[in-house]
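When you get a sec, could you build the whole thing from the sequences and use the hints?
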Amino acid sequence: MAAPTLARVLTAAPRALGSPVGGRARCSGVPPAAPPWDPPERARLRAREHKEKRQRQRRERAALGGAGPQVPTAPPKGWTPKTIIEYQHPLEPDGKKATGVALPPAYSPRYVEAAWYSWWERQGLFTPPASLPGGDRVLSLVLPPPNVTGSLHLGHALTVALQDALVRWRRMQGWSVLWVPGTDHAGIATQAVVERWLWQQRGLRRQDLTRSEFLEEVWAWKQRHGDEILRQLRALGASLDWSRCAFTMDPGFSRAVVEAFVRLHEAGLIHRDRRLVTWSCALRSALADVEVEPRALTGPTALRVPGCPQPVTFGVLVTFAYPVEGGDGLELPVATTRPETMLGDVAVAVHPDDPRYRHLHGRYLRHPFTGQLLPVVTDPTVEPARGTGAVKVTPGHSSPDLALARAHGLPLLSVIGDDGTMCPPGGGWLQGIHRFVAREKVVAALAERGLYRGTQDHAMTLPMCSRSGDVIEYLLKSQWFLRCREMAERAREAVTSGRLQLVPKFHEKNWKTWMDNIGDWCLSRQLWWGHRVPAYRVGVPSAGSPPEHPEGLWVVGRSEAEARAAAAHTLHCPPDELQLQQDPDVLDTWFSSALFPFAALGWPEETPDLQRFYPTNVLETGSDLLFFWVARMVMLGQQLTGRLPFSQVLLHSLVRDTHGRKMSKSLGNVIDPCDIIAGASLQELQERLHHRLLDPHELTVATEGQRRQFPHGIPECGTDALRMALCSHNVHGDDIRLDVGVALSYRHFCNKIWNAVKFVLATLGPDFVPQPPEEQTVPQHPMDRWVLSRLVQVVAECGRRMEALEVHGAIAAVHHFWLRSFCDVYLETAKPTLRDPATAAETRRTLLSCAELGLRLLAPFAPFLGEELWQRLPRAPPAPPTLCLAPFPDAACLAHWRCPKVEAEVAAMQEVVRTARALRDVFRLGAARPPVAVRCVVEVQDSLAVLGPALQALAQVGPLQLLPQGAEPELGPGWVGAPAGPDTHVYLCLRGLVEPAAAQAQLRARSRGLQRRLETLGGTQGSGESPPHPGTQQQVAILRSELARLAQALEALDPPGPPEDPGGRREDPGSQ
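Be aware that the sequence shown starts at 1, since it is given in my numbering, and climbs by one per residue.
Don't read these hints as lab results, they were simulated from the structure. In this text, all values refer to a predicted model and were calculated from it rather than measured experimentally. Keep in mind that a hint or two might mislead.
What the hints assert, rightly or not - Pair ranges (Cβ atoms, derived):
{"hint": "1", "residue 1": "454", "residue 2": "429", "range": "19 to 29 Å"}
{"hint": "2", "residue 1": "777", "residue 2": "973", "range": "43 to 53 Å"}
{"hint": "3", "residue 1": "429", "residue 2": "456", "range": "26 to 36 Å"}
{"hint": "4", "residue 1": "804", "residue 2": "131", "range": "23 to 33 Å"}
To be verified - DSSO-like, lysine-lysine: derived pairs with alpha carbons at most 30 Å apart:
{"hint": "5", "residue 1": "758", "residue 2": "831"}
{"hint": "6", "residue 1": "97", "residue 2": "752"}
{"hint": "7", "residue 1": "441", "residue 2": "477"}
{"hint": "8", "residue 1": "662", "residue 2": "505"}
{"hint": "9", "residue 1": "901", "residue 2": "752"}
{"hint": "10", "residue 1": "831", "residue 2": "752"}
{"hint": "11", "residue 1": "96", "residue 2": "752"}
Heads up, the beta-carbon is just placed ideally off N, CA and C, and yes, glycines get one too.
Here you go:
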């Protein structure tokens, strides 16, 4: 074998499995391989028996307290350690791999994926040409910018795989393609990570540093970790134009952010106001409403809250009474889920028509802790049937209460600080105490005063911070807000008019509902990392604040000089007399992200890129970002540029793990795509957890979750297998459950293609003269015509699916052609024709056409494997230098290959093959090739007479006899049969291969064993028994199918079978 001289062969098993040395060493606990003649059902049943045996052994060891040796469990299903081969040949001067050397004996991702990406970059394949060769055929899109200090997970990888498939497909069609990469500064996430790192490594808090010192630390962190994502994107094969890579804190992008803020302020859309904002006490920052996750509670629920020493119980309603001032023992009971906020109550409201409280209209209540008098006000918005019918008014911590207080001219009080602790005017006895600790103290104090009236279970929705897991607090703050109503109306119209297409279409309903109910967007964030708000507070040293601006005059400008000039103009005073102080807050990260499609192309300047590639064509992202990001890009894109930023949005479903759980670092189920590409042991996975800066509780949970999900680590699958596994999911439907096992199955698919192309190369030989596949005439042999006709159908289906953004349908069509049409059928039937000089040349041309066009179809999904094999195929000049630029197959150019009649004939032949192989499997004939007889109608006989050699090769049978339909021949001993459709019957001759009595005994024994298994699964229920459990229904169906086949075989063995010399027999000349 010459391969070891061409490439270094690593015989150690992949690290992910921890196997002993030896490329194909079997791990302890692996069930022995099923005999090659076992049907798939039998193999699955045997694997199930071995699994149950291992489970029983584990239970026995547990019962003995863990005594006895530890027996390792089996590696992932379908996996055996593979030989790793690395590419070690010198590269060509331009960095291209050497393709003149022999291919390794087996597919190895590490060998295949070496050096190609860097060569593609050197060739400038990912950068669109200066001119537009495709005319007006332009595809431009942006990669959703991931957080700069994070790392990609499988959700990101899904977006990359889908976008890159579309990008490579259009590029092969001759379009001018621009795919812009970038990263997001991720204000809250990045600042939280750096703060945690400073505390763990140096014992420093952010407040121990100046703002400039802290920002230096963040930039240093970005320099250390910011390239990790770019490395992952390259490993995924993303054909991004790296010369245009953007970062949302770059100088040019920052200039675009300031310009956008100034223009929106000048248009009257951005304004400053004092309102209740959704506040994260853990982050000490305001949040956008879409960053709040509602959590439904059905009753009392204990939750951990950041900063609180013990779990807090939510989902309870506390009732207490306010004493009526001068009321001789009268009281007014109120019910609340937040008793700690009663320290900020300014009134109690009742419905004006509620007869229970009519006698209290205009009266006052005495606050039991502050001594303040609280008025009883009447308001029609109060619902008498809820709670006690009386509502405590706490305007500093409730939006409905704030509206009620302003309507009645009540004071506004806040009793909870930015950090979530109690503050004045709550009273000194609770000063600095956590709000949820204060809750218990308030209830206890009310009980001491005799005002506590009880607690009851209460279903409620708890607002949670999606960033920190904290319970949201509502605080009164002066912030910058963006009015969204007018922009939302235009965004809604864009969808209803069809100018903006959402895929799948069912998202349109949510889009319209959200736009109809949109509120103002709070832009201020109390952070240091981010784009600082370009607004300045103006002070006049001699006169203080201007009288018409009691809280200070705020001006907005692109620079301090511009803001100073604007303030001087407003106040009619010299600029030098003014003092300006810039707002310390930064802008919401989503504000800068919403500018990405045009700011990354140079806006606000009219750059050539902006003119050529804006608006972009399509955006692909997760459906959970529809309102976080997509809606805001649409609103700001239309407002600032006058055009939609894109015309199509493909929204993929939420990505979950194999158990249906959301991906979370704290659960340990987040998978780095590179771990699937290169493989990783459990030890390596868990070592990385310790670098993620999780808190101790999260680290414990994540470590255990990882151990359960990946007990053997992750096997090496390669980039192409991962990309195809991701693209194979229907992203238009329900949530996606990603399983490493799917990627593993696609690695096996890659190996199948590898071996198929190796066979083609060996068949062609060095002297083969190729011609363009599109120019090949229609061949004469039916199997050649069949496979080319199947290829045309796949090309058409793939193109149709890609146009509809149904990438999963396209990869399914390509997968089915390679596996089911080319490898499983055509290659097997081509071997006999290659031995015939009369048909060999035509078959070689067909083999090359299928392989070359098949690799072009595969290229958008598996670019590395496609390039590696395509470069070795002989090609007619002029040929492009790379598969990336090879024309994507066009069904119109191949229409002359379509042959529906031959496809129907081969489909009938394949049904005969399936029946014959099923009979072989039942009787376990091994390598024997028994004679076969087929009774069918005349039309099928005619086609089977021509397809006889193909049928024999695929069914692994001997001489073929064709019998006329309707004839009743004499039955002779040794034949068994089964139907192959309504008018076709297939018989196999078992004389000399099977002893009838022994076969019957064996079949009955197998039937009894399967029947016992079926009974244990509840699959033999009578009229009074319950059906099988849903989790075992698939197993029950497999068992019943196998039992039916065995019963059919027993029935066939009882009477003698078909003829030794039937009348009217027609023999296939190819069977002699």
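Results for each hint:
1. 454 with 429: 19 to 29 Å: The hinted range 19 to 29 Å holds for residue 454 and residue 429, with Cβ atoms some 24 Å apart.
2. 777 with 973: 43 to 53 Å: holds (50 Å)
3. 429 with 456: 26 to 36 Å: The hint (26 to 36 Å, Cβ to Cβ) holds, given that residue 429 and residue 456 are roughly 27 Å apart.
4. 804 with 131: 23 to 33 Å: holds (30 Å)
5. 758 with 831: holds (14 Å)
6. 97 with 752: holds (22 Å)
7. 441 with 477: holds (27 Å)
8. 662 with 505: holds (24 Å)
9. 901 with 752: Holds - the C-alpha atoms of residue 752 and residue 901 are around 29 Å apart, at most 30 Å.
10. 831 with 752: Distance of about 17 Å is within 30 Å: holds.
11. 96 with 752: holds (25 Å)
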